[in-house]
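The residues making up each chain are set out below.
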Amino acid sequence: MKRHNPDLPSFIRNWNQFYGVVAAWLVFLILVFWLITKFFE
Amino acid sequence: MSLTDWIVLGTTLFVIVLYGVWKSGSNKNIDQFLMGNRSLPWYHVGLSVMATQASAITFLSAPGQAYSDGMRFVQFYFGLPLAMIVLCITFVPIFHRLKVYTAYEFLEQRFDLKTRALTAFLFLVQRGLSTGVTIYAPSIILSTILNINTTYTTLFIGGLVIFYTVYGGSKAVSYTQLLQMSIIFSGMFLAGILVVNLLPQGVGFGHALKMAGKLGRMNVIDWKFEPNNRYNVWSGLIGGFFLQLSYFGTDQSQVGRYLTGSSEGQSRLGLIMNGLIKIPMQFLILLIGVLVFAFYQFTKPPIFFNQYEVNRIEKSAYAPQYHYLDRQYSQAFERKKIKTNELIKAFDSKDQTEIDRAQDALKVADIQSRMIRQQAIDLMKKNSNGADGNDTNYVFLTFVTQYLPKGLIGLLVAIIFLASMGSTASALNSLASTSVIDIYKRIINKEASEKNYLNACRLATIFWGVVCIGMALYASRIGNLLEAVNELGSYIYGTILGVFVVAFYLKKIKGNAVFIAAAITEIVVCLLGYFDVIAYLWLNAIGCILVIIIAYLVNTLMPQKSPDLLEPGL
Chain R
1 MKRHNPDLPS FIRNWNQFYG VVAAWLVFLI LVFWLITKFF E
Chain L
1001 MSLTDWIVLG TTLFVIVLYG VWKSGSNKNI DQFLMGNRSL PWYHVGLSVM ATQASAITFL
1061 SAPGQAYSDG MRFVQFYFGL PLAMIVLCIT FVPIFHRLKV YTAYEFLEQR FDLKTRALTA
1121 FLFLVQRGLS TGVTIYAPSI ILSTILNINT TYTTLFIGGL VIFYTVYGGS KAVSYTQLLQ
1181 MSIIFSGMFL AGILVVNLLP QGVGFGHALK MAGKLGRMNV IDWKFEPNNR YNVWSGLIGG
1241 FFLQLSYFGT DQSQVGRYLT GSSEGQSRLG LIMNGLIKIP MQFLILLIGV LVFAFYQFTK
1301 PPIFFNQYEV NRIEKSAYAP QYHYLDRQYS QAFERKKIKT NELIKAFDSK DQTEIDRAQD
1361 ALKVADIQSR MIRQQAIDLM KKNSNGADGN DTNYVFLTFV TQYLPKGLIG LLVAIIFLAS
1421 MGSTASALNS LASTSVIDIY KRIINKEASE KNYLNACRLA TIFWGVVCIG MALYASRIGN
1481 LLEAVNELGS YIYGTILGVF VVAFYLKKIK GNAVFIAAAI TEIVVCLLGY FDVIAYLWLN
1541 AIGCILVIII AYLVNTLMPQ KSPDLLEPGL
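The listed protein sequences derive, respectively, from chains R and L.
For the first sequence, the numbering used here assigns the number 1 to the initial residue and increments by one for each residue that follows.
For the second sequence, the numbering used here assigns the number 1001 to the initial residue and increments by one for each residue that follows.
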C-alpha cells in the first residue's frame, strides 16, 4: 500500500486531489457569489 | 486620535517588531538571512505570502472601493487559486530541487547569464519603484487622517522596516508577518461587527445588505465579457490568472517567501492556503465597505472624504460655492434618508410592489446626491489642476476615526501601518537577495566569504530601504509618477512570466531567442499600455503569450551554432 504523504492533511490522498479541491472551491465561491448577486439585485 | 489610541498604536507596533526580532535569532550565513534556513511550516509560508501581497492600500482602498463601486472588485482574484495550482505543480518543485535563492538563478541554469541578468534587472527596477509607492500611498492617507506631515509617516514606516529586516532578515520578516496577519484579521473582524452595531435601531445586517444591493453595491459577479472592463469573471479568471502567476512565480518578493518553507510540501501547502483563503478574505474586506456604505445612508457622510482637498478649497476663492454645495448635499442627504427608511419599511412589509416603488424613489434621491457631490469634485479640480478627485482611499479610515470607539481606532490605524510594513519588509528582503545573489555574488565578487555576503545582504537591505524611502518622499511631488509606477508591474510581469514559461515547457528554445523575444515583447507591451489599447490586466497575458510565440519563431529562424547545446538537461 502507498504511504500517505506527511505534508498532506489526512483526508487528502495526493497532491492532484488537493488541487481538485482548490479548483472545486473556486467554482463553489463563484456560484455562491453569483447567487448573492442575484438575491440582492 | 485619543491618548488611548496612540498607546494602542505604539504598543502594537512595538510588540510586533520586538517579537519578529526576538524570534529571528542570529544570522550566521546568507541562507539564514535570506531564506530563514528554509525551516518554516506551511501556515507561516501561507500568512507570509498573504501579508506580502496585502499592502496597506488593500485595507484602505478595498472597503472604499466597495463603498463607491460595489463588490465586483473581488473578481480580480478569481485567477489566484488556479495560479497557485500551476505554481505548486511547476515552479515550486524546480525551485526547491535546485535550491535557488532567487527565481532568476534558475534562468541562468536553463538559458544564460544575460537572461538571468535581464530579468533580475527588470525586477529590481519594478520592485524598487513600486516599494516606494507601497510606503508613500498609506503615508499620505495616514498623514491626512492623523494630521501629521507625510515625511514623518514615511520615515517612520520605512525606518522601522529597515531596522527589523536588516537585523533579523527573512525570519524577522516572516515572524512579524505572522503576528501582523493575526492582528489584521482580528481588527477587520471587529470593525465589521461594530459597523453593524452602529446601524440605527431596527436596521439589521440583512436590511443593510438588501438596501446596498438595491443601490448596486452587491454586484459581486459580472458575466459580461468586455475587454475594457477591469472587473468581470473573465478578466479575473484569465487576466487575473496570468497576473497572479507572474507575480507569485517570478517576483522575488513572493518567491523568497515560499522558498522559506521547510520542504517542497510545506511551500506547496502555504500557497494552497493562500489559494483557499484569499478570495473569501477579500470578499469580507469588501463587505465591510458595503456595510460602511449602508451606515452612511443613515448618517451624513462628508461631501468629500479627503480632508486635505476640502481644506484646500475652503481656503480658496471657491469657498462660498463649495459651502453652498455642501449645504445642498446635506439637504439632499436628508431627503435620501427618508427614502432609505421607506425602503427598509418596505422590506419588512415584504410587499414587492412597495419595495420596487421605494427602490426607484431611493435611486432618484441617490442620483441627486451624487450629482451635487460631483459638482463639488469639479469645483476642486477647477480650483487646482492637480486636485485628486478620487477619495476612495479615505472612506474607511474617515469612518474608523470618526465613529469607532477609543482603542479600536488605534488598532485599525496600526493595521494600516502593519500592512504597509509587511509588504515593504518582503520587498526589501527580495531586493537585497536579488542584488546580492544575482549581481554581487554572481558578477562582481564570486569568491568572497559567507560573512562578506551576509554583510552585503545587510548593506543591500539598507541601500534599498533608503532608495524606497527616497522614492516615497519624491513621489509626493510628482502625482503622475504614482499611477505610472502602479501600472509598471503589468508592463513587466507578463514578459518575465513568458521567459519562465519558455524555460519550463519549451526546452528546445535557447537563451538568445528568449532574450530577443523578451526585448521585443517589452516594447510592444509598453506601447499597448501607453496608448491604452486594452485594460492593463490583459497586458500580463499578452506579454506572456508574445514572448512564447516570438521566442519560438526566433529559435526556428535563427541559425543554430551547436546542436549539442539545444537540450540544457533540465
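Careful, some of the hints might be misleading.
To be verified - No more than 20 Å apart at the CA atoms, straight line, and that leaves these computed lysine-lysine pairs for PhoX-like: (1) L:Lys1114 to L:Lys1446; (2) L:Lys1315 to L:Lys1339; (3) R:Lys38 to L:Lys1446; (4) R:Lys38 to L:Lys1224.
To be verified - Some chain L residues judged to face chain R by a derived CB distance under 10 Å, without partners named: (5) Leu1098; (6) Met1218; (7) Ile1238; (8) Gln1266; (9) Ile1272; (10) Pro1280; (11) Lys1363; (12) Ala1365; (13) Ile1367.
Claimed, not checked - Some chain L residues well away from chain R (every beta-carbon gap over 10 Å; in silico): (14) Trp1042; (15) Val1074; (16) Phe1078; (17) Arg1097; (18) Asp1112; (19) Asn1219; (20) Ile1221; (21) Val1233; (22) Gly1275; (23) Ile1279; (24) Lys1451.
Rather than coming from a laboratory, the hints here were simulated on the basis of the structure.
No experiment lies behind these values; they were computed from the predicted model shown.
For each residue, glycine too, the CB sits at the ideal point set by N, CA and C.
Right, here's what the structure says about each hint:
Of the pairs offered as hints, the one joining L:Lys1114 and L:Lys1446 holds, with about 17 Å between alpha carbons and a cut-off of 20 Å not exceeded. Proximity of L:Lys1315 to L:Lys1339 is assessed by CA-CA distance (about 35 Å); at most 20 Å being required, the pair is judged violated. Straight-line distance between C-alpha atoms of R:Lys38 and L:Lys1446 comes to about 61 Å, which puts the hinted pair past the 20 Å bound. This hinted pair checks out: R:Lys38 and L:Lys1224 have alpha carbons roughly 15 Å apart, not beyond 20 Å.
Annotation: interface hint on L:Leu1098 violated; nearest CB of chain R at approximately 19 Å, more than 10 Å. The closest approach between the C-beta of L:Met1218 and any C-beta of chain R is roughly 4 Å, which is under the 10 Å cut-off, so the hint is satisfied. Residue-level restraint check for L:Ile1238 is violated (minimum Cβ-Cβ distance to chain R is 13 Å; threshold 10 Å). A distance limit of 10 Å between C-beta atoms decides the matter here; for L:Gln1266 the minimum to chain R is near 6 Å, and the interface restraint holds.
Contact between L:Ile1272 and chain R, as hinted, is supported at the beta carbon level, the nearest pair being about 6 Å apart and thus within 10 Å. Because the beta carbon of L:Pro1280 sits about 7 Å from the nearest beta carbon in chain R, less than 10 Å, this interface hint is met. With a least beta-carbon distance of about 13 Å to chain R, the hint placing L:Lys1363 at the interface is violated under the 10 Å criterion. Evaluation of the L:Ala1365 hint against chain R yields a violated restraint, the C-beta minimum of about 19 Å exceeding 10 Å.
Interface restraint check: L:Ile1367 against chain R, minimum CB-CB distance 18 Å, threshold 10 Å, status violated. The Cβ of L:Trp1042 sits about 8 Å from the closest Cβ of chain R, inside the 10 Å cut-off, so the non-interface label is violated. A cut-off of 10 Å between C-beta atoms contradicts the statement that L:Val1074 is not in contact with chain R; the least separation is 7 Å. Not every beta carbon of chain R lies more than 10 Å from that of L:Phe1078, the smallest distance being close to 7 Å; the non-interface claim is violated.
Consistency note on L:Arg1097: stated as away from chain R, and its beta-carbon is indeed over 10 Å from all of that chain's, at 15 Å minimum. For L:Asp1112, the condition that its CB be more than 10 Å from all CB atoms of chain R holds, with the nearest at approximately 32 Å. Listed as outside the interface, L:Asn1219 is inconsistent with that label: its C-beta sits roughly 6 Å from the nearest C-beta of chain R, within the 10 Å cut-off. The Cβ of L:Ile1221 does not lie farther than 10 Å from every Cβ of chain R; its closest approach is about 4 Å, which violates its non-interface assignment.
Not every C-beta of chain R lies more than 10 Å from that of L:Val1233, the closest at about 7 Å, which undercuts listing it as non-interface. With a least CB separation of 5 Å from chain R, L:Gly1275 falls inside the 10 Å interface cut-off, contrary to its annotation. For L:Ile1279, the non-interface assignment is contradicted: its Cβ lies about 5 Å from the closest Cβ of chain R, within the 10 Å cut-off. Interface exclusion of L:Lys1451 from chain R stands, the closest Cβ pair being 34 Å apart, more than 10 Å.
Of the numbered hints given earlier, the model fails hints 2, 3, 5, 7, 11, 12, 13, 14, 15, 16, 19, 20, 21, 22, 23; all others are met.
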